[in-house]
Amino acid sequence: GAVVSQHPSWVICKSGTSVKIECRSLDFQATTMFWYRQFPKQSLMLMATSNEGSKATYEQGVEKDKFLINHASLTLSTLTVTSAHPEDSSFYICSAGTTGEDGYTFGSGTRLTVV
Amino acid sequence: SQKIEQNSEALNIQEGKTATLTCNYTNYSPAYLQWYRQDPGRGPVFLLLIRENEKEKRKERLKVTFDTTLKQSLFHITASQPADSATYLCALASGGSYIPTFGRGTSLIVHP
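Residue numbers (the numbering used here), protein chains in the order written: chain W, -1 to 113; chain F, 8 to 119.
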């Protein structure tokens, strides 16, 4: 079945630095990928929809200059958290797929801790 | 505003029993509803999808019902096993975007 690989699985960074998270579709092409953020015991909140070859669509309240998304190929989307602050510490998850019976395939997530 | 409600309290059941989880929604007309399983520190894993014109769907030990009048979906795991212990998320998508919106999830704990 479809596999989405997300890297790194965890990262600790200093406040003010930037962190890049990669999301790859391993056995299928994904023209659209989604980026979510999840705080402890909360639901997944959609941050943005990443479209191959075009600009990402951000959800209301998500700063596009802070969360940079690049979808340069049909198998890779990246999320860069710029000038990270402790409040950006969260679990970031990407997903890809179709609207069909297979649902969406999620990456294993990235735990970001900003100190 | 749109709301998806799942019981925030953990459901504790004994091995072999049937677990039933509930997903209620308001101010929403979903084209379909999905159920996912999420283990701690991991991304969700898709389990089942049910469309608005379907009342019930089954897959092995899983059964999902969808009542658009009550605005409710029930998710059943029969003959539950300790390995079924996880958080189960429901997600709804409208016909416009098909991008799912997730509930907070309900934690299921199956005791041996």
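Hints may be right or wrong, so weigh each one.
What the hints assert, rightly or not - With a cut-off of at most 27 Å between alpha-carbon atoms, the simulated DSS-like pairs for lysine-lysine come out as follows:
#1 W:64 - W:53
#2 W:53 - W:18
#3 W:62 - W:12
#4 F:10 - W:62
#5 F:10 - F:64
#6 F:66 - F:24
#7 F:70 - W:64
#8 F:62 - W:53
#9 F:24 - W:39
#10 W:39 - F:10
#11 F:64 - F:78
Because the hints were derived from the structure by calculation, they are not lab data. All values derive from a computational prediction rather than experimental measurement.
Review point. Which of the stated hints cannot be reconciled with the structure, identified by number in ascending sequence?
Key: Going through the list in order, the structure violates hints 7 and 8 and respects the others.
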